[in-house]
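Visitor: Here is how the chains run, residue by residue.
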Amino acid sequence: MFEATVRANVLKEFAGVISTLTDEAKFIVNPKGVTVNAVDPAHVAMVDLTLNAKAFEKYSASDMEMGVDIEKLGEVLRLAKGDDQIFLKFDEEKNKLIVQVENITRRMSLVDTAGMSEPKIPNLNLPVKVVAKTAELERGIRASEAVSDHVALIASPEGFELVSEGEMDSVSLKLPKKLLVELNCKERAKSLFSLDYFSKMIKAVITSENVVMNLGTDYPVKMEFDIAKGNGHATYLLAPRIESE
Amino acid sequence: MFEATVRANVLKEFAGVISTLTDEAKFIVNPKGVTVNAVDPAHVAMVDLTLNAKAFEKYSASDMEMGVDIEKLGEVLRLAKGDDQIFLKFDEEKNKLIVQVENITRRMSLVDTAGMSEPKIPNLNLPVKVVAKTAELERGIRASEAVSDHVALIASPEGFELVSEGEMDSVSLKLPKKLLVELNCKERAKSLFSLDYFSKMIKAVITSENVVMNLGTDYPVKMEFDIAKGNGHATYLLAPRIESE
Amino acid sequence: MFEATVRANVLKEFAGVISTLTDEAKFIVNPKGVTVNAVDPAHVAMVDLTLNAKAFEKYSASDMEMGVDIEKLGEVLRLAKGDDQIFLKFDEEKNKLIVQVENITRRMSLVDTAGMSEPKIPNLNLPVKVVAKTAELERGIRASEAVSDHVALIASPEGFELVSEGEMDSVSLKLPKKLLVELNCKERAKSLFSLDYFSKMIKAVITSENVVMNLGTDYPVKMEFDIAKGNGHATYLLAPRIESE
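Protein chains in written order, with our numbering: chain V, 1 to 245; chain X, 1 to 245; chain B, 1 to 245.
If you're looking for bench data, these hints aren't it; they were derived computationally from the structure.
Be aware that a few hints might be false.
Put simply, identical chains are the same to the list, so a pair is met inside one copy or across any two.
[As the list claims (entries may be wrong)] Derived pair list, reagent style DSS-like, types lysine-lysine, alpha-carbon separation capped at 27 Å:
| no. | residue 1 | residue 2 |
| --- | --- | --- |
| 1 | K81 | K203 |
| 2 | K190 | K174 |
| 3 | K190 | K229 |
| 4 | K177 | K81 |
| 5 | K186 | K12 |
| 6 | K133 | K94 |
| 7 | K89 | K178 |
| 8 | K12 | K174 |
| 9 | K96 | K222 |
| 10 | K186 | K81 |
| 11 | K32 | K54 |
| 12 | K96 | K229 |
| 13 | K94 | K190 |
| 14 | K12 | K177 |
| 15 | K200 | K81 |
| 16 | K190 | K58 |
| 17 | K54 | K120 |
| 18 | K203 | K96 |
| 19 | K174 | K96 |
| 20 | K174 | K58 |
| 21 | K133 | K32 |
| 22 | K89 | K177 |
| 23 | K54 | K174 |
| 24 | K94 | K12 |
| 25 | K190 | K54 |
| 26 | K203 | K54 |
As the structure is a prediction and not an experimental result, all values here were calculated from the model.
Start from the sequences, fold in the hints, and give me the full structure.
Guide: Take a look at the structure:
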């Protein structure tokens, strides 16, 4: 059983995080909220995403799973203004998700979840923690996109740096310690990532002013931020690229 | 003879209605105003459109006809702001339409009207009348476009419904009687239409808050609305699609 | 040596003028400012552009030259808001231009200037001078683009006219003397130009309310306007097209 009402903005933020990695996802529903654990088709990144029951205006659910086509969900959400109430209901008999925006009802076929994995983000020992402003990271990414398709995240006791090296040009975003919200770094750490993935992840941060990054050297980056004004949480894990030098 | 001045917004609305069905149209001009009777190339829909002399700031005309390229007219109108005055004059000698927006003059070649029909909307006995808010219909159409290329218009004594059934998903817009401006329906009526045509027609309603729909079962829909704040009127007739069930 | 700070809007205007004609340009730097003399690849038009030291917030330079990729410069400028300070520095050792916007640094490879000419705008005896409002010219150009790919500039003692003749339609923008800022014309003069070039040039006028045009009959047009609120100046020369009548 699943029946809930939620503001359009909250559901857009939730769906936006998932859509960075996959078009279809298994919604794990229980009385406490909705969770999605997903991995991208190339197995480069994964996400652990939770939207608490408190993020909904009304929420009533028992343990169940639904395979949701995220693109279709997005189509319905585009009909709604940010503050519109979205009514969601699982139609068990017909195996459909009913989505209502004002007087409009869309009955969405669900996707088979049989083949969908439930990836768990592993416990990694990442020695560095950087908390940076989302807006700063976004600007660094936009600058990087012009010169390269990968980006290095570099932390040192003095600050954090995002560096993108192209064949001709290079871009760097330097955030000294005083421009960071938090920096916990004893030794220099550097890892290289696909700019495309990193960019999509940072752009999925809508309401959280800050992003927490856990880093190592040639290790994955773990990124965390709140959604739904603290009534939900997202954790991304992105695998490093091996430097070909 | 034809010489007139009109606000850009009024002419944009008039041209917008025509452009839903055809690129070229015969303007039937007389001292009372300008009328266009047009049919689309596939003969699925027709329009009867009138802009009264009162809709113009200045208007002076004798009986005549002009074949107008609606796309070209749109190009000139895009140069104007909504409140700009457009001066129109038929140059009989050169068979051109002179269109002036401020200091800019465009001399437009006219189109041969010899092959253009003057379709009259037939008198049909459509038992149901629904008057709905344009904005509601627009939202229903946008939702439908995601799931199907046709739409059913359904009326009952309880209300009006717009239903679009795709292979996987369905969308419905339900407007109970209290959300309608007017409902005159003794028995349930349902007809199926091309969503593309219906959508273009509803989107051509710019200044009229409401749309009048006359319906039957497996019959055409007749839609009517005012243009130019009541100084003009549009009537669309759209043929039904046969349900393949 | 070259090290300067400048508001993003000023540098955007400067780069915008150059980009109408070429993707790469030689920046001639000296203590008084930066000059670019460029010609387009088809040798139809040239520009003489200067940005005075006064247009910069800080400016310090000795005589030197830099080959700049204008598109790359534009990429960095798009990261900045209009009032952001851009820091520019020539890295002599690595032959790069360092561009800083807030915490972002882009190191741009420079372009070889060996093959770049330094065209000087010739002294032409153009008998007519017209000073027109930029906004009026822009509207005339937009109207012309719908009918033709060339435009005639016509001056007479009564006023200035921009005429575009297509196969079917024609467009004219008429500016009688009283709508011009200045008109100095004893005899009628008319020259025909590529609309594409003329359009790009007029659209590059951002902060100058007026454009000075010097004209003759079947002669180039020389256009002049200020950039950076008077702390810089642009002169375009555009060759005429020969009328094929």
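Visitor: Please sort K174 with K96 into within, between, both or neither, judging by C-alpha distance up to 27 Å.
Guide: Only across copies: K174 and K96 sit 19 Å apart there, 49 Å inside one copy, limit 27 Å.
Visitor: Is it within, between, both, or neither for K190 and K54, if the alpha carbons may be no more than 27 Å apart?
Guide: neither (38 Å within a copy, 42 Å between copies)
Visitor: If the cutoff is 27 Å on CA atoms, where do K89 and K178 land: within, between, both or neither? Let me know, please.
Guide: between (47 Å within a copy, 25 Å between copies)
Visitor: Classify it for me, K54 with K174: is the Cα-Cα distance of at most 27 Å met within a copy, between copies, both or neither?
Guide: Answer is neither; intra-copy 38 Å and inter-copy 30 Å both fail.
Visitor: If the cut is 27 Å between Cα atoms, do K190 and K174 qualify within a copy, between copies, both or neither?
Guide: within (14 Å within a copy, 57 Å between copies)
Visitor: Within a copy, between copies, both or neither: which one fits K190 and K229 at a CA-CA cutoff of 27 Å?
Guide: Neither. Shortest intra-copy (31 Å) and inter-copy (46 Å) distances fail the 27 Å Cα cut-off.
Visitor: Is it within, between, both, or neither for K89 and K177, if the alpha carbons may be no more than 27 Å apart?
Guide: between (47 Å within a copy, 25 Å between copies)
Visitor: Measure nothing new, just compare the shortest in-copy and cross-copy C-alpha distances for K186 and K12 to 27 Å and report within, between, both or neither.
Guide: Neither. Shortest intra-copy (38 Å) and inter-copy (42 Å) distances fail the 27 Å Cα cut-off.
Visitor: With identical chains, the pair K200 and K81 could be close in the same copy or across copies; at 27 Å between alpha carbons, which is it: within, between, both, or neither?
Guide: both (23 Å within a copy, 23 Å between copies)
Visitor: For K133 vs K94, is the C-alpha pair at or below 27 Å within one copy, between two copies, both, or neither?
Guide: Result: close neither inside a copy nor across copies, 45 Å intra and 32 Å inter.
Visitor: Could you figure out if K133 and K32 sit no more than 27 Å apart (CA to CA) within one copy, between two copies, both or neither?
Guide: Neither: 30 Å inside a chain and 40 Å across chains, both beyond 27 Å.
Visitor: Given identical chains, is K203 near K96, meaning Cα to Cα at most 27 Å, within a copy, between copies, both, or neither?
Guide: neither (30 Å within a copy, 31 Å between copies)
In this structure, the earlier hints numbered 3, 5, 6, 9, 10, 12, 14, 16, 18, 21, 23, 25 are contradicted, and the remaining ones agree with it.
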